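Asks: As a plain string of letters, each chain reads:
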Amino acid sequence: MPTPKLGVCYYPEHWPEARWALDARMMRAAGLSLVRIGEFAWSRLEPRPGEFDFGWLDRAIATLGEAGLGIVLGTPTATPPRWMLERHPDMLAVDAEGRPRKFGSRRHYCFAHEGYRAEAARIAGLLGERYGRNPHVVAWQIDNEYGCHDTVVSYSDAAARGFRRWLAARYGDVSRLDEAWGNVFWSMEYTAFEEIDPPNLTVTEANPAHTLDYRRFLSDAVVAFNAAQVAALRPHTDAPLSHNYMGRILSFDHFAVGRDLEIATWDSYPLGFLEDRSDQGEDWRRRFARQGDPDFQAFHHDLYRAVGKGRWWVMEQQPGPVNWAPHNPAPLPGMVALWTWEAIAHGAEAVCYFRWRQVPFAQEQMHAGLLRPDAAPAPGLAEARAVADALDDLPETGTAPVGLVVDYQASWVWETERQGAECDYFRLVFDVYRALRCAGLSVDILPPTTRDLSAHALVLAPGLAIWPEPLREALAAHDGIAIAGPRTGAKTDAFRIPEALPPQMPGVDARVTRIETLRDDCPVALAEGGAFRFWREFVEGDAPVLEACADGEPALVGTRERAYLAGWPDDIALDRIVRRAAGAAGLATLALPDGLRVRDRGSVRFVMNYSAEPVSLDGVVPGATGTLPPAGTLRLPRA
Amino acid sequence: MPTPKLGVCYYPEHWPEARWALDARMMRAAGLSLVRIGEFAWSRLEPRPGEFDFGWLDRAIATLGEAGLGIVLGTPTATPPRWMLERHPDMLAVDAEGRPRKFGSRRHYCFAHEGYRAEAARIAGLLGERYGRNPHVVAWQIDNEYGCHDTVVSYSDAAARGFRRWLAARYGDVSRLDEAWGNVFWSMEYTAFEEIDPPNLTVTEANPAHTLDYRRFLSDAVVAFNAAQVAALRPHTDAPLSHNYMGRILSFDHFAVGRDLEIATWDSYPLGFLEDRSDQGEDWRRRFARQGDPDFQAFHHDLYRAVGKGRWWVMEQQPGPVNWAPHNPAPLPGMVALWTWEAIAHGAEAVCYFRWRQVPFAQEQMHAGLLRPDAAPAPGLAEARAVADALDDLPETGTAPVGLVVDYQASWVWETERQGAECDYFRLVFDVYRALRCAGLSVDILPPTTRDLSAHALVLAPGLAIWPEPLREALAAHDGIAIAGPRTGAKTDAFRIPEALPPQMPGVDARVTRIETLRDDCPVALAEGGAFRFWREFVEGDAPVLEACADGEPALVGTRERAYLAGWPDDIALDRIVRRAAGAAGLATLALPDGLRVRDRGSVRFVMNYSAEPVSLDGVVPGATGTLPPAGTLRLPRA
Amino acid sequence: MPTPKLGVCYYPEHWPEARWALDARMMRAAGLSLVRIGEFAWSRLEPRPGEFDFGWLDRAIATLGEAGLGIVLGTPTATPPRWMLERHPDMLAVDAEGRPRKFGSRRHYCFAHEGYRAEAARIAGLLGERYGRNPHVVAWQIDNEYGCHDTVVSYSDAAARGFRRWLAARYGDVSRLDEAWGNVFWSMEYTAFEEIDPPNLTVTEANPAHTLDYRRFLSDAVVAFNAAQVAALRPHTDAPLSHNYMGRILSFDHFAVGRDLEIATWDSYPLGFLEDRSDQGEDWRRRFARQGDPDFQAFHHDLYRAVGKGRWWVMEQQPGPVNWAPHNPAPLPGMVALWTWEAIAHGAEAVCYFRWRQVPFAQEQMHAGLLRPDAAPAPGLAEARAVADALDDLPETGTAPVGLVVDYQASWVWETERQGAECDYFRLVFDVYRALRCAGLSVDILPPTTRDLSAHALVLAPGLAIWPEPLREALAAHDGIAIAGPRTGAKTDAFRIPEALPPQMPGVDARVTRIETLRDDCPVALAEGGAFRFWREFVEGDAPVLEACADGEPALVGTRERAYLAGWPDDIALDRIVRRAAGAAGLATLALPDGLRVRDRGSVRFVMNYSAEPVSLDGVVPGATGTLPPAGTLRLPRA
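Protein chains in written order, with full-length UniProt numbering: chain D, 1 to 639; chain C, 1 to 639; chain P, 1 to 639.
Treat the hints with caution; some may be incorrect.
[Unchecked claim] In the DSS-like style, the derived pairs of lysine-lysine whose C-alpha atoms are separated by at most 27 angstroms in a straight line are:
1. D/Lys309 x D/Lys102
2. P/Lys5 x P/Lys309
3. D/Lys102 x C/Lys102
4. D/Lys102 x P/Lys5
5. P/Lys102 x C/Lys102
6. C/Lys5 x C/Lys309
[Claimed, not checked] Okay, the calculated bits of chain C under chain P, using three or more residues with CB under 8 angstroms as the criterion:
7. 142 to 152
8. 494 to 504
9. 509 to 518
Hints in this document: simulated from the structure, not taken from any laboratory. Computed from a prediction, not measured in an experiment: that's the story for all the values here. Quick reminder that beta carbons are idealized off the backbone N, C-alpha and C, glycines included.
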């Protein structure tokens, strides 16, 4: 694998043309070799419908490219110009309360609007025609941050029409839909697809089957929107196509979008995400306020490596304070470098910082760049430079010993039928991920379509509410260690409880006869310590009991190789379960002090200190000695 | 009184016809003798307008009836089919923010919509015609859970039109309305009824007189909706008519609906209600998470006995975890039986469980039944069976020594003019009820129309913000002990402060000159211990001071027989006040340990342990010895 | 300066005409000499469009005036009658979610609606014609409480149209607007002013330049609305014109409105404001629940003295419990007098109580008056009488030694780009004000248009996010002590970061290179004690460092005379900074115990005890000895 690259996001349209060449030289001097441009520039490329101005972009690409930078060119479809609304007045997304989400910022479109989808393909095709063979263009980015600002779930008329077509295609006859959804329940039966609305503003909750199908339809709309641009670009270019995903967005199936693209990238904002998207308590958030959650980025690195089928980048790396979280502190010195190394440890081909220079106007003027608004270096620049200086060839990322299955549809099921206030699929999966990482284990995230698990000695599949049939078969065939549950196989594809009861896990004779959800202050103790919290199942069957609750009910059943977990373990229980399973799989675990994390890449082990205190490595990480300072990173040969 | 019966809610339309007979036999084997059916089945009875299919219902009634089950037949008007919206596009309720509450779940109608009201009467009449003389049909249920999902308060155009007619009928001339409401206050005067809108979306709060009249109109709409079905059914049947009310729904006058029906029933979900509808703090909710509030069901049993004029059932009894509260734990083993006994102790003629078999599809698939989805017994079944086995003849319920007045209109006054954030009528009344119950006293709830209090040695009338004139006279004539207040008589019928100041309580020379509301951390201490919280009045007059605040202001004034309470007592103060009044009334009180409760039914005393710990009865309940286990119930002859 | 006057708000239209004369005599007997009337009486003055009834008002003015009361006559434009909506159906304000704010309370108009603006001027002119030379009318009040109930920010069509015109006038060409706002950022460029909407319901935040211009436009609409009535009244009267502002309303530029009026008045509700509008924690709110925040009224007294260019009143003084806060306790005995004295200490020409008699109907029936609803004296009356008895000539208010700059536009900037959840301009300014007052310093509030600071030995200008050019020059010329920051000059007039970086403070060579915002539990310690909280800046430049953070970063830079503060100090740090600066300015400070406050008026010092405990004055206030009881007030000659 070639040496990882560093890059940066740049907006030539924001700065005088005379400045471009200097900026390009400074980028190169900082050790950057990639620059992403163009993804918000539609109003400058097509100021009026059909009236184009590509000249400035030609020159920007030439200037940057000739300075030695590889260009990542974005399609500008996340920011349709104001005139687009004259052509498609009904293109706006509509929120759950029925209000159109208006022009004036970005992402003001409904994925299901076919007219806008065609416009997006049109501009993508024009860019492809013009720049598809440009030697400076090394990759493409389609649109920007699908789903950001909660833009997948829309209740527009366009979405309603699309949903009805989607349903008609899926069910053929509306009576089959009625049967599948169980619409007899509250006389909700339909006599024509035209009668079916999106499931918002109902008096009480809509039929969960209705909601789940709507979520599937919306996800499919994202896939189709992306595919339309892929189809428009592909004839014109051999450069890889990509999209930059976000953190903790579960509203569409990223694996499905990823199948149409060569590279997955994502936008990594550790401090913003800790403030804005964490389930952890106040004390945790205080302790990591300047470092970010030590596992959140790692999780997404592994996730998007899977989405990208091995090829992935960080497209936007936080370089200093951001502007959009409830609080926006400065990173602890060294964290920009640490975050970059963490990405590289997980196999990133490239890490690009967002953005080159802090813009002094409009919405993100308080978002740091590598340069300050006055073009002087901001603190992040030196850290990027330091990483660039230290970069060299690294081993292939290879396969991690642990596989963790992540399934977007499962998240929709949990959201649709939460049953307990805290019961969130991402939270569960991330709890498991954190336990693995705290044990020093490197993880591969596996899509639900995985058919072969043989590469992973230990596989975990928490919360997989609807079985993907191939995965169930793969689990049955797996000769490593596997743990599924809770809530695995809880629903059929039609959002019904399976007749034979869940989990229907191969090799585990267990039936979940009922479940309960728990207040945070009402955990159910486990006999060996720790507890189930939030979610707990009652299990029957002949499967041996591996762990029990203090009240005698089974907690973990099955065999050492194939076990079903009947609840949501707290940190203490998860730690025990994960270490025991790793031991059974022949994997060594570490006892890492607070804030210390490791990630293996081939023969290299990266050690990172996310705490704000120095940490002694003696006796902690084999082969390492001495003290790692706050925000410190270390590379070791793996023992 | 005959032996109480047990029953269950069943949905033949959800299951294969071939299964019905087996289910019926199993019900009988479980000791059940009643089955409620049909209340959500409109789309199966009339799949298209005017196109009927009664055959399946004929067969279901026959199958169940022939197995020995008495049928409670529901009118399906809580779930109008989708085609109804084509006929009445404006029938939907509209929420306070002006959004129609759409099809896709249930209760999607505005009570004030006359077109839909006629449709409801039409289907009720057709069912009456067909099944009114069916020997298996032992009772009728009209609609389902009026007011559930906040469906009484609607701001639809139909409601606006109805409100104007209602106002015209009430006031005759709009100038009388202006005068009554005091519309001069902010130039709010009208010149025609047509100018008057529902009181939502005003810039700041609407005139409280406007709001109160709207609440009265909405309540009347519920009464009229119900009465239309009563009128349609009555000619066809001699079986009693009922409706199943819910817990802590104050949005319509249940007594007024109840006057048109023979039986009141209600749906008792102790764990859901604790999570969803309790004012108690976190610690209380944790302690009773698996038992439910020990007084909430008891209160509603007594309430609906009054609404039913003595005849009442539990129509839906929680049998296991539900699906709709923020957390849905499993009941402590034994609680399903305890809940059933508590209902019987309060005089229930029948207790029906909801539902027979957990349905594996649609909205309530996570709601437990007596059977699991796979038709195996769920834990509740054995508890129901155990109650059935122990049932025998019980004495008449008789009259309780304590009367507690409950008035729905008072709740609307408190809601309309809250004055302090925590000041809620139900909370106040329920605080008083809990104090009575903790003292071991059995309670009759009295409607505000009560004209004779002589049956009750002690009468309490807290928070009765508008005096019902007959009750005021009854209080004057009462020769037992009576306590009213706080806020009694605070408003005239037109929502004005009475000219002579409140409370205008017969026999108590006291005037409330002003009131204040209090932060929860700013209680006003009482001289004898405890405090007023939330609400406190300043009283003048010649009435003797029975209790004073620590600052010297009167707290309880009047005589031993007739007293006015000038604030909202905390638990300590309420306990003292209630015990002292009971003593004056010649009633013995008990010192019950935490979670223990008693209820007397004629010559029988029921003792119930709501705590999760065993409780010693020695010296606690006269005649009882030993220990009552968690969820334990005991029957004693009354001392 | 003449002896301050006391007065009261009265509504003759609420009471029988036969009662007026008695009320007037009672007012006089209570020591009151002013009465405000008429401001909500439009429906009685013009019951139908063009149909007038001034007779009752003629008689009311005569009755009150002949009793010796000076009349303050209000224009009734805060309460347009119902018929106005027939003439102007689109006059309602529209909230941020797009819902019209309906008739049924008050303030149901959009300031930007030109039709209603003309109607308001029309009724004002008619009143002016009729009463402008009436000898009893000593002053006018225009409308009532602009901005109360959040009524400035409206998204109506009328506002949208007005905004476009306002923008066209400001920018001339839309391309200049695009350039100024930086609309290139997300392809937000416009090609015509007609394309521009108000900045609500955008997918994510709108361009802050867009939002700020909208806020300016809305504020200008208030100014224009007021000016239209001024223009209508002015030809008819020589009596001073006033408006009664509210507490903590920042949505329009009060200084700009004030420029068109002779007197500023405000409505002082200490207990309501503490409950409803305080940033202080629960413990503080509990301790002052019956006294109100000890600094909130003082701040507004000083603010409105500035808005009134020296002439100001309290138009509505809370006399007992109010009805509109989350909790509405009674004031501690003595507080009504203390609040009155506090106002007089700050130079109030008059203090009027709201209201004379508690009204027994409509929205404010639970709002105390000086009389109870039954016309008996309420507790406030005696306290007002006691103040009246003690009133005599007082020295001129004079100039306070400390100047504190307050700028409404700065508040809009902070709201538009909050950056940290707690970062609110009022909170910052009020923190500074409290620190000054706790040090015993009297304060003048200075508008941002101030051009000469020479009267103030110490000037503070916190949070002035956009420099008013004349003030910057005045600061440069000032030969006293001045401290600005944080966030001073952070933005240009076009809401951009200045090219040369903030603060561009004359005489201080410092550049804010970046900022961060902080969780409440993540303060940044200062080397000398205390900390920065919420907001912290990083500063470069040659300015000497006067205080540093514990991490070595500059915290206060510049010289003793001219310093820039690079963060939001907590109470400990603010106390030190303020006392040190006062010392440098030659001002003596006091060490006041909890709840004690002083205010100097010329040669007289007022001492007030806001705590609920007696406070010893020995050694605390020079020249004072003994103990001040709770709610006690003392007048001393200044040392």
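Asks: Would you mind marking each hint as holding or not holding in the structure?
Replies: Structure-based check of all given hints:
A distance of roughly 36 angstroms separates the Cα atoms of lysine 309 of chain D and lysine 102 of chain D; the hinted pair therefore is violated under the 27 angstroms criterion. About 19 angstroms separates the Cα atoms of lysine 5 of chain P and lysine 309 of chain P, which keeps this hinted pair within 27 angstroms; it holds. Annotation: proposed proximity of lysine 102 of chain D to lysine 102 of chain C holds, straight-line Cα distance about 24 angstroms (limit 27 angstroms). At most 27 angstroms may separate the alpha-carbon atoms for a hinted pair to count; lysine 102 of chain D and lysine 5 of chain P exceed this at roughly 53 angstroms.
Pair hint lysine 102 of chain P plus lysine 102 of chain C holds up; C-alpha atoms about 24 angstroms apart against a cutoff of 27 angstroms. Note on lysine 5 of chain C and lysine 309 of chain C: the hinted pairing holds, with a Cα-Cα distance of about 19 angstroms set against a maximum of 27 angstroms. Note: the stretch 142 to 152 of chain C has 0 residues with beta-carbon separation from chain P under 8 angstroms; the three-residue rule is not met and the coverage is violated. Judged by the Cβ-Cβ criterion of 8 angstroms, the stretch 494 to 504 of chain C is covered by chain P as claimed, because 8 of its residues qualify and three suffice.
Counting residues of the stretch 509 to 518 of chain C whose beta carbon lies closer than 8 angstroms to any beta carbon of chain P gives 7, which reaches the threshold of three, so the coverage claim holds.
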